[in-house]
Structures are given as C-alpha cells and as structure tokens.
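Please build the complete structure, drawing on both the sequences and the hints.
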Amino acid sequence: MNKNFLMFALRKLATMILTVFLISFVVFFIITLPPGDFLTNYIGRMAEAGEAVSPELIAELKAHYGLDQPFVVQYWKWISNIVFHGDFGYSFLLSMPVTSVIKAYIVPTMVLSLVTMIFTYAISIPIGIYSAVHQYSVGDYLFTTIGFIGMAVPNFLMGIILMFISFKLTGNTMLGLYSPGMENAAWSMAKFIDLMKHSVIPILVIGLMNTCSLMRTMRGQMLDELGKNYVMAARAKGLKAKAIRYKYCVRAAMNPVASSIGWSLVNIFTGTTIVAIVLNLPSMGRVMHEALLDQDMYLAGSWLFLMAIMTVLGTFISDLLLAWLDPRARSEYLKG
Amino acid sequence: MKLKKFLALSLALIMTAGILAGCGGKEETPAETPAETPAETPAEVEIVKESPMLAELVAAGSLPELSERLPVAADIMVETDKTPENPQYGGTLRRNNGGEWDYGPFTEEPLFRLTEDGGVTPNVAKGYDVSDDGLVYTIYLREGMKWSDGEPFTAHDVAFYYNYMLVTDFTEENKIVSGYNGTTYNWYKTTDPADGVTKPAIVTVVDDYTVQIQLYAPKPLILQNIAIDNKWMFAPKHWYKDIVAYDTSVEHWTGLSHDVLGGAGLTAVTEEEAVANAAARNARFTFDDYTQLGNQLGYMYWSYKDRPTLRAWTMDSEKTDQTYVFVRNPYFWKTDAEGRQLPYIDTVEMVTMDNALYSQEMIAGNLDMASVDVGDFPTYKAGEAMGDYTVYSSVQPNWTSCSIELNQSYKDPQYAELFANIDFRHALSIAVDRNEMNEILYAGLAEPAQAAAPAGTAQFIEGAREKWTEYDPAAANALLDGIEMISNDRNADGYRTFTSGANAGKPVLINLEGHEKCNSAEAIALMAQYYKEIGIQLIEITNTARNTRQQKVTNGNEIMALYEENLNVFNPYVRPDRVGANRNICTWVGKYGLEHAEPMTPAAGSEMEEIVNLTKELSTAATMETAEAVGEAFLQSHLDNTWIVGYLSVTSKYTALGNDVKNFDADHISCDELRFYGNAKPYTWFMEQ
Amino acid sequence: MALFKKKNKERDDSYYYASQWQLMYQKFRKHKLAMASAVLLIVFYTIAIFGNFVAPQGTEQFSGEYVNCGPTPIHFFHEGEWEGPFVYGLKRDRDPVTYMNIFVEDTEKICHIDFFAEGDKGGEYKILGLIPCNIHLFQAEGDGQVFLFGTDGMGRDLFSRVVLGAQISLFIPVVGMILTVALGLLMGSLAGYFGGWVDNVIQRLIEVVRSFPNVPLWMALSAALPATLKPAQVFMLMTIILSLISWPNLARTVRSQFFSIKKEDFIMAARISGAPASAIVLRHMIPSFLSYIIVNMTLTIPSLIVGETTLSFLGLGLRSPATSWGVLLQETNKLETIMFYGWKLIPMIFVFLAVLAFNFLGDGLRDAADPYK
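Chains as they are written, first to last, in my numbering: chain A, 1 to 336; chain B, 1 to 689; chain C, 1 to 373.
Source of the hints: derived by calculation from the structure; they are not laboratory data. Among the clues, some could well be false.
[Claimed, not checked] The list that follows gives simulated cross-link-like pairs (lysine to any residue, SDA-like), each with its CA atoms no further than 25 Å apart:
| # | chain 1 | residue 1 | chain 2 | residue 2 |
| --- | --- | --- | --- | --- |
| 1 | B | 305 | A | 286 |
| 2 | A | 197 | A | 184 |
| 3 | A | 77 | A | 100 |
| 4 | C | 32 | C | 53 |
| 5 | A | 103 | B | 97 |
| 6 | C | 334 | B | 102 |
| 7 | C | 32 | A | 142 |
| 8 | A | 247 | A | 259 |
| 9 | A | 168 | C | 100 |
| 10 | A | 103 | B | 301 |
| 11 | C | 263 | A | 256 |
| 12 | B | 532 | C | 129 |
| 13 | B | 82 | B | 72 |
| 14 | B | 305 | B | 288 |
| 15 | B | 532 | C | 132 |
| 16 | B | 319 | A | 199 |
| 17 | B | 199 | B | 220 |
| 18 | A | 197 | A | 227 |
[Unchecked claim] Residues from chain A that keep clear of chain C, each with C-beta distances beyond 12 Å, as calculated:
| # | residue |
| --- | --- |
| 19 | 86 |
| 20 | 123 |
| 21 | 179 |
All residues carry an ideal CB built from backbone N, CA and C; glycine is no exception.
Below you can see the structure in the form of structure tokens.
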C-alpha cells in the first residue's frame with residue numbers, strides 16, 4: 001500500500017517536471033510574440049528623457065542581451081540562468097533585477113491569494129452542504145442567488161460597486177491595503193485592524209467569483225452522495241441521518257472539491273490581477289500589466305512562469321491529497 | 001483667458017543687467033542675517049525655526065544644531081516674497097504620483113532657476129559673473145551649504161559632475177560623449193573661431209565655492225541652457241567616486257590637470273568595478289551594466305533612496321513601493337523671511353494608483369493634492385465639499401491640448417508627399433467640429449483654437465489661433481478632391497484611396513499614436529469619426545503596444561502621426577524643443593530632428609530645410625538678436641505651415657488641493673521649463689495642523 | 001434521493017411510450033427558471049439580430065449637445081390630458097461651478113414618439129446586413145430625444161448602444177463556444193479513444209494550458225495582435241484566444257467519459273462487428289454523452305461574456321465607436337460614474353441577465369438531459 005503511494009507520487013512528480021518544462025517554453029514563446037523587443041522600448045524611453053542613442057550602442061546592447069540570436073538560443077540563455085543561477089534576468093521597466101521585483105511583490109500577492117483561497121473554501125463548502133441538505137429551502141435559494149451574483153457581475157465592477165457602498169456607509173473607499181499614514185507605520189494592532197478592514201473588499205470580490213462554482217460543485221456532489229445506496233444501507237442499519245451526512249457523505253463529496261484546489265489557484269491569480277488594478281493593491285497585477293505592455297519580457301515572463309509553477313505545484317499537492325484520502329484515485333491512475 | 005503676466009520680451013534686458021551688475025545674485029542676500037530677526041520682535045514668543053521633527057533629533061544628539069546645518073548666514077537663500085503669515089511645521093502632503101518626471105520637478109533645485117519672464121535667477125548658485133567678452137562665466141556657490149547627508153557641497157561637486165560624469169570625452173567626429181549614460185551631449189557647445197570646430201565648454205574649480213565655465217565663443221543663452229537642460233549640474237562627489245568610471249592617470253580630454261577638473265583625490269575605477277561597487281554598496285543599486293547604472297543613479301537619481309541631494313525632500317522609499325515617501329532634508333539651505341528653515345511640510349507622499357482613481361480618492365479625502373485632467377474638472381469640482389478641497393486654476397502657455405502632428409519624414413514616400421501637402425493639413429484642420437469636441441472632451445472648458453501661442457504671451461500672433469478653425473467638411477472635401485494622388489470617390493468602407501504608386505487602391509489611413517497617460521482614446525475616436533466624413537481613415541494604435549510610440553519616435557520615420565494632448569511652449573528660442581527641429585520626441589519634425597543619431601536631410605528649398613537651418617543657427621547663436629530672430633522665424637514657419645494641426649487649447653492648469661494646505665500660489669505658470677509645480681515652490685507651502 | 005424526499009408522483013402511461021427527446025422536453029418544461037431563461041435569451045437574440053431597427057441611433061452617431069444626459073422620462077398625459085407616449089423637449093444648461101450639463105424638460109414642447117418611424121434621424125442601416133432601410137422601431141418627432149437609458153460621455157444613446165452591443169456580446173461568445181467545444185471534443189476523444197502516448201501528450205497539454213492564470217495570458221497574447229486590425233477582427237481574435245484557453249475542461253471530461261464507455265458492451269459489440277474507429281466515436285460514443293456536451297456549451301457562453309467585459313476593462317478589447325457590453329462597462333470604471341451618472345450602470349443589468357439566463361438554461365438542460373432519473 002505504501003509502496004503503491006510512493007510510486008504514485010514519483011510518477012506524478014515526473015510528469016510535473018515535464019509540465020513545468022513545457023510551460024517554460026510556452027511562456028518564453030508568448031513573451032517574445034509581440035513585435036519589437038524590450039531594448040527598443042528601453043531606448044525609446046531614454047530618448048523621451050532627451051537622449052540620443054547611437055546605433056553602435058544599440059548593436060552593443062543587442063549582442064549583450066543575445067537579441068540577435070535565434071529563439072532557441074535565447075530561450076536556453078533564459079532558462080539556464082534561472083535553473084543554474086537562480087537569475088531571472090533584468091527588468092528594464094524598473095531598472096532592477098527581476099529577482100528584486102519579485103521579492104518586493106511576492107509576499108503581498110501570495111498572502112492575498114492564500115487568504116482568499118481559505119475564505120473561498122471556508123465559505124463555499126459549508127454553504128454547499130447546507131444547500132444540498134436543505135435543497136429548495138429559502139436558505140438554498142438565498143445562497144444560490146448570492147453565488148450567481150458573484151459569478152454574473154464582472155469582478156472589476158463588483159470591486160467598484162463594493163467600493164461605492166463602502167464610501168456611502170463609512171465615508172471611506174477602502175482603496176489599497178492601508179489607510180493613509182498606516183502604510184509606513186510600524187506594525188501594531190491598529191495597523192493590523194486597518195489591514196483587515198481593507199482586505200474585506202478584495203477578498204469578497206475575488207472570493208465570490210470562485211465561491212459560486214465551488215458551492216455549486218459541493219452542492220451537486222453532496223446531492224449525488226445523498227442519493228447513493230450506501231446511504232440507504234446505513235439508514236437501514238439504524239444510523240441517524242445526520243451522522244450519515246457528516247460522517248460519510250461530506251467526506252465523499254469533498255474529494256472532487258479537494259482535487260480542484262490546484263486549479264482554483266489559477267482563478268485566484270487571475271482575480272487578483274484585475275482586482276489589484278481596480279483596488280490599487282500592491283500585488284504583482286499592476287506591475288505585470290505594465291511589464292507586458294512595455295514588453296519587459298524577463299519580468300513578464302518570470303512572473304507568468306512563477307504563477308504557472310505555483311499552479312502546477314498546487315495541483316501536485318492536491319493530487320497527493322486526493323490519493324491519500326481516496327485510494328481509488330491512485331489505483332486508477334497507476335492502472336493508466 | 002487669464003494669461004495676464006507672461007513670459008517676456010525682457011530677457012535681453014535682464015541678461016545685460018546681470019552682466020552690468022557683475023553679480024546677478026547679490027540682491028537676494030539681505031543685509032541683516034536671518035538669525036537675528038527674532039531680536040526685532042521682543043514682545044512675542046520666540047519663532048520656532050526648525051521642524052519639531054528635527055528639533056527632537058537635535059535634542060537626542062543625532063543631528064547637529066540648525067546653525068551648523070545651514071550655510072553661513074550671508075549665503076542662506078531667503079524666500080522673501082513667499083513667506084506666509086503664521087506658517088506651521090509638520091504634516092504629510094499626499095499627492096498623485098505622475099511618475100519620475102512629475103515628482104522630480106516637484107522637488108528639483110537647479111543651479112539656476114528659469115524665471116517666468118524668461119530670465120534666470122541663481123538658486124543653488126549664489127550668483128555669477130560674466131567676463132566682458134562673454135566667454136568666461138564665473139559661478140559662485142554658497143559657503144557652508146551641505147548635501148542631505150551632511151557632507152559639504154563645494155565647487156568640486158560641480159566640476160566632478162561635468163568632467164567625469166557628463167562630458168567624459170570629446171572625439172574627432174566632434175561628438176561630445178557623456179560617459180555616464182552613453183549619449184551625446186551638446187548644451188555647452190560653441191564654435192572655436194580659431195579652427196572652426198564646435199567644442200564643449202571647459203569647466204574648472206577656482207576655489208571651494210567658485211566654478212568657472214570657459215566658452216570658445218559668446219553664447220548669451222548658456223545660463224538658460226543650464227537652467228533648463230542641465231538643471232542638476234552637480235553631483236555628490238563623495239558618494240559617486242567609486243561608482244563612476246574614470247582613470248586619472250590618463251590625460252583628460254580638456255588637457256588640464258585632474259585637480260582643477262574636480263578630480264582631486266581620485267585614482268581609477270573601471271566600468272565593471274563601478275557596477276560591482278554600486279551593487280556591493282546596496283542591493284537596490286544592482287544594475288545590469290554601466291549605462292543602466294549611469295542612467296538611473298547618475299541621471300534619474302531622485303528616485304533612489306540614500307542618494308544625497310540638495311532638495312527640500314528626499315526619497316525614502318524603495319522603487320517598488322506603491323507610495324513614495326519623501327522626507328524633509330534636514331540640511332535644506334533655504335529659510336523664510338523670518339529665518340525658519342524650509343520646507344514647512346515634513347513629508348510628501350507620492351501615491352501611485354490607476355489614473356482613474358485619483359479623483360475618487362480626492363473626493364474620499366484620502367489625498368491632499370491631485371493634478372486634474374481637464375476632462376475630469378466637473379467631477380473634481382462637484383466633489384469639492386465632500387473631499388474638503390478646492391480646485392485651483394493656474395496658467396499654462398498652451399499651444400494646443402488636442403492636436404495631430406503628421407510625421408514629415410515618414411518612410412512611405414507617398415504618405416510623406418501627402419503629409420507635406422499643406423492642403424491635406426488644411427483639410428484635416430477644418431474637418432473637425434471644434435465646438436462639439438470641446439463639449440464632449442472638456443465640458444466646454446477649452447478654447448477652439450489652432451496650435452499657436454495664446455494671447456498674453458510674448459509669442460502671441462494676432463489671428464494665428466483662429467487660422468483654419470471654422471468647421472467646414474464640404475470645403476475640406478473639396479481640398480482633398482483637389483489632391484491628385486488620392487481618389488475623389490470612396491471605397492466600400494467609405495474611405496478615399498491612393499490613385500497610383502505602391503499604395504494604389506489602398507485606403508488613405510493614418511495610424512495615430514495616442515498618449516498612454518492622458519486618456520486620448522475618446523478624443524481620437526472622435527477625430528476618427530470626423531475624418532471619416534472626409535474619407536480619411538484614422539486608427540489609434542496606442543493601447544495594444546504602448547511603447548511602440550517612443551520606439552517609433554526614436555526611429556524617426558516609423559510613426560505616422562502623434563496625438564499630442566498638452567503642448568506648452570515656453571519660449572521658442574530659449575527652448576526650441578517643440579517648435580524647432582531638434583529633439584527626437586517631436587513627431588512633426590520626424591527624423592529631420594538634429595538629435596537623431598543619423599538625422600535625415602530635408603529636400604533643398606523645402607520649408608523643413610528652413611526649420612532645420614534655423615535650429616542649427618540657434619544652437620551656436622552668438623548674440624541675442626540672432627536668437628530672437630530665429631525664434632520669430634520659428635513662429636512664422638508654424639503660422640505658415642500649420643505643422644501641428646491643433647483643435648482645442650486649454651490654457652488653465654487645474655489642481656485639486658486640500659483646504660488645509662496653505663500658501664499655494666495658484667497664479668504660477670505651469671510648464672516643463674518652469675518645472676510645473678516646482679514653480680509654485682512647494683517648500684513654501686504649509687499644512688494647517 | 002429517495003431517502004430524504006417524498007416518493008415521486010405516479011406517472012401516467014404516456015411516460016412509458018414517450019421518446020427520449022419528448023421526455024427531455026417535458027422535464028425541461030418543468031424547470032421554470034430554465035424555461036424563463038430560454039424565453040429571455042430568445043428575446044435578447046431576436047433584438048440583437050434586428051438591433052439596427054430597434055436602436056434609435058447608429059453606432060457612429062454622437063452629439064456634443066447631449067453629453068451625460070440622464071434617461072428621459074416617457075409621458076402619456078400633458079396637463080392631465082391624454083397625449084399618447086411622448087417626451088418633452090430638452091433644455092441644456094451648464095452648472096456654473098462644475099460645468100456639468102444639466103438637462104431640464106421643456107414642458108412647453110411636446111414631442112410624440114413615432115413608432116416605425118422613417119427618417120434620417122437614426123441613420124440608415126441594412127437589415128441583416130443586406131437590405132438598406134431607414135425605419136426605426138421608435139423615434140421622437142422633431143428635435144425631441146428619447147434616451148431610454150440616458151446617454152454616455154459622447155452624447156450617445158445608451159439604449160442604442162446596449163442593443164447594438166448585444167450583436168457582438170451575444171454572438172461572438174457563440175463562435176467562441178463552438179470553437180471551444182470543437183477543440184475540447186477533438187482533444188478529449190483523441191486522448192480517450194487512443195489512450196497510451198497520445199493520451200499522455202494531450203494530458204500534458206491540458207495541464208500546461210490550465211496552469212496559466214488567464215488574465216496575464218490574455219494580456220500577453222493581445223499585446224501580440226497587430227494594431228491595424230479592425231475592431232471586429234480584434235474581437236474575433238480575442239475570442240479565439242479565449243477559447244484556446246478554455247477547451248481543457250471539456251477535453252478532460254470527454255476523455256474520462258471515453259475511458260468509462262470504452263468498456264461498455266455496446267462499444268465492444270460495434271468493434272467486433274467491424275465498425276471503423278471514426279464511426280464508433282461519432283455514432284456511438286459521442287451521442288452517449290451528448291447531453292454533457294450541450295450543457296457544457298451553454299455554460300461556456302456566459303464565461304466568455306464575462307471574459308469579454310474583463311478584456312474591455314483592461315483596454316484590450318474593442319474600442320469606441322464599435323460597441324459591446326464590455327466597452328459600455330468600461331465607462332463605469334470610476335466611482336464617480338456611479339456617484340454622478342448612475343444610469344451608466346444599466347448595461348451591467350444585461351450582462352447579468354444574460355449570464356444568469358445561460359446558467360439556468362444550462363441547469364435545466366442538465367436535468368432534462370437525464371430524463372430517466
């Protein structure tokens with residue numbers, strides 16, 4: 001049994017590495033798609049600052065960054081620097097190493113994403129169970145409606161509407177992560193509370209979008225489980241309905257939901273990008289947007305790559321989790 | 001509108017007055033030292049002369065006394081006319097962050113400051129002398145003045161910057177090479193009558209507080225050039241000496257001893273060493289190569305924490321931070337008339353957010369200051385009471401706020417010919433209903449006008465703003481019908497086509513590059529709809545790849561046309577950048593601009609050739625008369641040729657400012673040359689506590 | 001189900017004789033929300049098809065006279081007397097402080113609303129892109145203006161723009177959906193039918209595509225689109241990009257369905273009797289999970305509709321004067337818009353309704369697709 005699981009984990013790991021390699025290739029392809037390159041943009045910026053750039057300098061820079069070489073060579077240069085030196089390249093947009101940029105933004109982005117994810121699951125699983133058990137009740141309809149609103153209103157608009165409501169109720173738009181003056185203050189209880197207050201809207205906006213589909217999956221799974229024969233058998237044995245529900249049905253229904261954790265990361269990163277722009281959060285979303293428009297390819301590429309790796313990792317972990325929880329999953333996988 | 005006082009004719013006058021007086025800076029050093037002023041108000045409480053924030057540090061022993069931080073009493077710069085009644089120290093001013101070219105000028109302290117009438121006034125410099133032959137400029141500095149880290153500011157800092165960072169080489173091809181950012185630099189050029197070669201000026205240290213600039217021929221505009229184009233002609237030598245590349249064992253291009261050039265005490269640093277030293281000093285100073293290092297730390301230094309400056313506030317944030325915090329410089333060398341050290345405000349925060357968010361944050365009371373886009377004026381105005389702020393209006397020498405510049409050097413010969421045809425520009429000008437555009441874009445706040453100097457400025461020409469402004473699509477169509485190379489009938493999409501050549505059968509299509517920062521999309525969409533009426537297709541290509549604009553402008557012949565939202569012209573000969581053929585950001589000039597690495601030569605006898613020649617003439621003009629004549633010729637050329645087709649002009653610059661911010665001079669003139677808000681001297685503002 | 005619910009009512013005999021499709025229809029009809037959604041969508045699509053007729057203005061009309069005008073009320077009585085539907089003339093004033101436009105009804109001037117009005121006011125158009133016509137569903141007479149939903153910052157009638165925007169926002173997602181489903185089906189069935197290395201390759205591909213956060217990916221890809229494309233072409237390409245990202249969901253499901261059905265007896269029977277692979281897939285396997293595909297199709301559309309609004313918000317979608325619901329929502333990206341020009345949020349209601357309607361329709365179809373349950 002244990003050996004079985006190890007085999008499963010190893011095979012998953014192998015495919016994961018393959019996937020990451022493929023992703024890196026696609027990322028590099030995408031970031032080199034737009035016409036022109038970062039160097040011409042960089043030179044343009046220098047020109048706007050009132051400087052003339054000589055053709056010799058341009059040629060020299062081109063050689064320096066390997067831009068005169070074929071795609072595969074450029075790709076190799078990029079990926080080998082990452083793998084062997086941990087060097088993600090240089091951001092021309094911000095005039096600093098990409099690693100520094102990522103360091104500056106990764107913590108807020110990750111914290112926001114994680115908190116949102118916890119919120120999403122903490123809300124949608126209980127609601128899904130409730131809705132399934134109390135199918136067609138007032139509560140069921142209420143939650144379904146809220147879920148649908150979350151899904152049907154584009155999240156940038158939801159952000160603006162919530163901001164408006166907040167402004168009307170509290171006189172503050174709750175933009176950004178801190179109130180004026182708090183951003184640079186030392187950590188204190190007041191600052192923490194301020195942060196919490198400002199997190200409500202972003203978490204609601206990003207969370208609602210995913211909550212709806214999760215809630216509905218959970219509800220559907222739960223309904224399926226409730227209709228299965230083992231429930232009938234347990235009931236016939238004299239177990240209480242409540243015990244059956246929470247001890248067996250919920251656990252079984254959780255499996256597919258748990259396995260979706262990895263994928264839901266994608267949605268959360270997506271949501272974060274847009275919400276960061278609307279609500280002015282110090283996450284990578286805004287910088288990413290700029291970097292892409294500016295063709296600051298090392299920055300854009302590295303970030304895209306990191307997000308993708310994070311998703312793959314998330315999936316890997318949720319696969320392992322699922323295999324741990326549900327032996328059927330791994331045996332099926334091993335059989336092919 | 002309200003351009004009442006404006007940019008002057010009196011430039012020549014001031015210049016001569018300065019020369020005669022011998023020292024232009026004398027009048028602003030008052031006889032009585034500011035330190036003694038409290039003695040004259042014995043009955044009152046003693047005036048607090050420094051911010052409580054700094055007083056605390058002094059009390060704790062971590063900062064020297066105020067008198068030790070300021071220059072010697074006679075050399076303190078006193079802001080006499082900007083001293084408010086009962087100013088208060090402290091407070092944080094939160095304002096919009098418009099990027100480095102916005103927050104830079106906000107705190108900038110140049111050697112000389114350009115004045116609203118076109119003259120110069122000493123700033124970091126205390127004063128200057130000019131020799132009788134106009135070849136030697138002696139610049140006096142302030143004794144005891146200090147950098148924001150407490151190190152003394154001396155003549156060596158000026159000479160070091162010029163000789164080792166700015167003009168590091170002078171090659172045979174007559175190119176002046178700036179080592180620190182790898183570019184050619186030409187503001188100090190004069191032609192040597194001895195050999196006819198154009199050479200850079202020679203800058204030397206006379207003593208600790210005196211610098212000398214030696215020219216080969218008179219250049220009456222040199223101080224203006226320094227004031228505008230080389231505002232920060234100094235750098236902290238003590239901070240740069242191991243991150244700038246030089247070798248004092250080799251002879252300098254001037255042939256002079258390194259000691260008089262500001263190189264005393266230096267040995268040798270290679271470019272690689274400089275990059276490595278910078279990175280070793282602080283991870284934030286990690287750059288990919290020497291050019292990057294020079295461009296960032298040497299040129300756009302004000303974005304970097306820890307770099308000593310002479311400014312009222314210095315950067316205290318990482319570049320990746322969302323809000324840039326600028327903290328007061330404890331060594332700032334200016335006081336008010338009553339001897340209080342400036343600035344009054346302790347911190348300035350530049351808050352970065354999406355442009356669309358500033359108005360709501362002003363209304364919500366989360367910002368103290370925002371620069372107002374004219375189109376948002378109604379919104380800001382409607383929110384005044386809610387956000388407890390006031391929208392002020394200042395003046396700007398605006399030629400146009402909505403215009404199209406056709407690239408006269410466009411690479412496709414057929415388009416180049418079309419753009420050179422004045423009837424085509426005439427048609428584009430009268431095809432647009434300026435009044436309707438004004439209603440839609442600017443709530444009726446703009447002036448329907450051709451691109452030309454507004455009334456009240458020295459460059460104003462009667463009738464120039466009215467030229468070709470009458471909306472007349474029929475006449476526009478008739479004009480286009482008269483152009484042979486394009487068809488009179490329209491294709492299936494409703495556009496005219498080329499009748500012959502490589503583009504035969506293809507629609508006449510202008511790719512217009514918008515401006516990413518200024519919501520140009522709506523204006524361009526409107527223009528496109530007017531142009532369609534006369535069979536010309538207009539496409540905006542900004543949003544998909546923002547920076548292709550700059551890239552194409554640099555290439556000089558790739559961009560077809562540019563939408564210009566805010567074209568302000570200070571003075572055509574003091575700064576010819578937008579009206580002459582110089583810079584590479586000027587689209588109508590295209591690749592004819594002299595700053596291009598390889599500028600194109602215009603056809604002999606063409607109007608463009610005239611502009612190019614005028615620009616060359618101006619760069620080495622030896623008398624004021626020549627410069628003025630060139631300025632007038634520029635204006636005439638624009639009047640005759642309508643190089644820039646202007647539709648609307650906004651001569652007011654609106655600013656939303658919290659009601660607790662006092663002493664803001666709403667009457668200041670706002671333009672790049674005067675450093676926008678820098679001209680309103682933010683260090684004299686204060687916040688009611 | 002039986003455990004916690006009351007027993008089904010007894011069915012009449014017709015249930016046992018009905019065909020599968022009849023049963024599905026009966027089941028679907030019972031789903032009230034789905035029925036209502038279907039009706040609503042039919043209305044939406046019909047209006048969109050005849051959009052130029054329904055909309056009083058064309059896409060390219062604008063006016064400096066009516067910038068940011070609120071919805072004009074429709075009146076029936078003038079001074080207590082029946083007049084039929086009419087609007088009052090509009091007087092424009094400017095707030096002396098804020099310079100905002102203020103529109104006041106000129107109660108002296110009555111402009112009746114003409115139905116099936118002919119005239120230049122609304123501009124010419126082509127019915128279904130073929131027959132030239134200048135008749136509009138309704139129009140105010142004289143220089144009266146009917147702005148059912150108010151106007152935008154360029155003085156354009158919002159109602160017209162919502163109607164004309166529907167032509168893009170409702171139809172292009174259908175194209176995207178077809179593409180998504182086609183790709184998903186193809187990939188899923190290839191993987192599921194052949195298994196082995198084909199399956200492995202496709203699985204990796206699915207993982208790669210699914211691992212990218214959508215928005216950054218759209219941003220990158222749209223930065224690569226040539227700038228000279230026409231708005232409609234840009235939009236088409238964006239749709240293709242959207243569907244290139246969204247196919248893996250369906251592919252995964254199809255694949256697993258294939259795996260389970262492959263072992264069923266009827267497939268075995270078909271194979272033994274010598275049916276070619278294509279016939280097995282197309283005639284036997286795909287129909288057996290057709291219901292799932294239909295549901296997936298209806299659920300792909302709303303996500304594409306929302307996707308379009310997001311792209312437009314980021315400035316990557318269509319651009320004015322071309323219109324879509326996303327373009328209309330672009331103007332609401334400011335808090336002040338909600339504060340001062342609330343009517344500009346009206347397009348959101350349509351996005352909302354369309355997305356919900358497709359979701360409910362999908363729900364109804366899911367239930368109906370399994371009529372024996």
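Here is how each hint holds up against the structure:
About 23 Å separates the Cα atoms of residue 305(B) and residue 286(A), which keeps this hinted pair within 25 Å; it holds. Distance hint between residue 197(A) and residue 184(A) is fulfilled; the C-alpha atoms sit about 17 Å from each other, no more than 25 Å. At roughly 20 Å between alpha-carbon atoms, residue 77(A) and residue 100(A) fall within 25 Å of each other, so this suggested pair holds. Only pairs whose Cα atoms come within 25 Å are accepted, and residue 32(C) paired with residue 53(C) is rejected, the gap being roughly 31 Å.
The straight-line distance between the Cα atoms of residue 103(A) and residue 97(B) is roughly 23 Å, inside the 25 Å bound, and the hint therefore holds. Distance check on the hinted pair: residue 334(C) and residue 102(B) sit about 23 Å apart at the alpha-carbon level, within 25 Å; holds. The hinted pair formed by residue 32(C) and residue 142(A) meets the criterion: a straight-line CA distance of about 17 Å does not exceed 25 Å. Restraint check: the Cα-Cα separation between residue 247(A) and residue 259(A) comes to about 19 Å, which is no more than 25 Å; the hinted pair holds.
Proposed proximity of residue 168(A) and residue 100(C) is supported: the alpha carbons are some 22 Å apart, at most 25 Å. For the proposed pair residue 103(A) and residue 301(B), the alpha carbon gap of about 22 Å is at most 25 Å, so the pair holds. With a C-alpha separation of about 23 Å, the suggested pair residue 263(C) and residue 256(A) falls inside the 25 Å cut-off, and the hint holds. For the suggested pair residue 532(B) and residue 129(C), the alpha carbons sit about 20 Å apart, so the restraint of at most 25 Å is met.
With a CA separation close to 21 Å, the supplied pair residue 82(B) and residue 72(B) stays within the 25 Å bound. Using a Cα cut-off of 25 Å, the hinted pair residue 305(B) and residue 288(B) holds, with the two alpha carbons roughly 19 Å apart. With a C-alpha separation of about 20 Å, the suggested pair residue 532(B) and residue 132(C) falls inside the 25 Å cut-off, and the hint holds. A hinted pair counts as satisfied when its Cα atoms are at most 25 Å apart, and residue 319(B) with residue 199(A) qualifies at roughly 24 Å.
With a C-alpha separation of about 16 Å, the suggested pairing of residue 199(B) with residue 220(B) holds against the 25 Å cut-off. Between residue 197(A) and residue 227(A) the alpha-carbon distance is near 42 Å, which puts this suggested pair outside the 25 Å criterion. Even its closest Cβ contact with chain C, about 21 Å, leaves residue 86(A) beyond 12 Å, as expected for a residue assigned away from the interface. Residue-level check passed: residue 123(A) sits 19 Å from the nearest beta carbon of chain C, beyond 12 Å.
Taking the minimum C-beta to C-beta distance to chain C, about 17 Å, the non-interface status of residue 179(A) holds against the 12 Å cut.
Taken one by one, the earlier hints fail for this structure at numbers 4 and 18, listed in ascending order.
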